[in-house]
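Engineer: Basically this note's numbering = 1-based index in the sequence shown + 15.
Since the hints were made in silico from the structure, they are not lab data.
Check each hint, because a few of them may be wrong.
Stated by the list, open to error - Pair ranges (Cβ atoms, derived):
1. A70 - T25: 25 to 35 Å
2. P85 - L36: 13 to 23 Å
3. L88 - D63: 18 to 28 Å
4. T25 - E71: 16 to 26 Å
5. V26 - S81: 20 to 30 Å
As the structure is a prediction and not an experimental result, all values here were calculated from the model.
Built from N, CA and C at the ideal position, the CB exists for glycine as well.
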Amino acid sequence: MDKRKPVGRTVAELEPLFAALPAARFCFDIGHARQVDPSMTEAALLLDAFGDRLAEVHMSEVNAASRHDPISLNAVAAFSRVAGAIREEVPIVRLRVRHGPGGGGRRGRGQLSGTTLAMRPMAASWGNGRNPFREFRG
Numbered sequence: 016m017d018k019r020k021p022v023g024r025t026v027a028e029l030e031p032l033f034a035a036l037p038a039a040r041f042c043f044d045i046g047h048a049r050q051v052d053p054s055m056t057e058a059a060l061l062l063d064a065f066g067d068r069l070a071e072v073h074m075s076e077v078n079a080a081s082r083h084d085p086i087s088l089n090a091v092a093a094f095s096r097v098a099g100a101i102r103e104e105v106p107i108v109r110l111r112v113r114h115g116p117g118g119g120g121r122r123g124r125g126q127l128s129g130t131t132l133a134m135r136p137m138a139a140s141w142g143n144g145r146n147p148f149r150e151f152r153g
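Let's have the full structure, built from the sequences with the hints guiding it.
Structural biologist: The following block contains the structure:
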C-alpha cells in the first residue's frame, strides 16, 4: 500500500493480482497502509482477505510526502487496531529513521539506516490485551 502507486492499496486492487499469481505472498507496510487510510479500515480488510499470504510486516511511520519518520504515538494507536490480525509466525520488521547533522540526513531527509527484526517477543502479548507495538518505540 503506497499512495503514490496506482495498485496494491485496497483489497479490490489486489484481488486480480493474487488470482493471477496463486503462490504470491506480500509484505504489509503498516506505515503506508495508515497513509492510504488513517482509519486502518482498509488495512483490516486486507489482512482479513489475504492474511494467509502475509510474509512480513514493516512497521514504520510515513508522512504526507511519503518519507519515513520516527514512529509517533498516534501511529502506535493506529497500528494496534490491526495487530490481532497478524499471525504470530509472521516477522515484524521495524524500520528505523536516522537523521543526519541538522536533523535532515543527506539532502535534508531522514535516512532509513537498517532494520531491527522483531521476531516475536511481542507476539505473545497479543492475546493478553497488551499493545505489542508500544514495546517497539525507541
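Engineer: Is 13 to 23 Å respected by the C-beta to C-beta distance linking P85 and L36?
Structural biologist: 35 Å, violated
Engineer: Could you tell me whether the CB distance from V26 to S81 stays inside 20 to 30 Å?
Structural biologist: Given about 22 Å between the Cβ atoms, the range holds.
Engineer: If you check the beta carbons of A70 and T25, does the distance land in 25 to 35 Å?
Structural biologist: Check failed, 19 Å falls outside 25 to 35 Å.
Engineer: A range of 16 to 26 Å was offered for this pair. Does it hold for the Cβ distance of T25 and E71?
Structural biologist: Holds, at about 20 Å.
Engineer: For the hint 18 to 28 Å, verify it against the beta carbon of L88 and that of D63.
Structural biologist: 26 Å, holds
Consistency with the previously given hints fails for numbers 1 and 2, ordered from lowest to highest.
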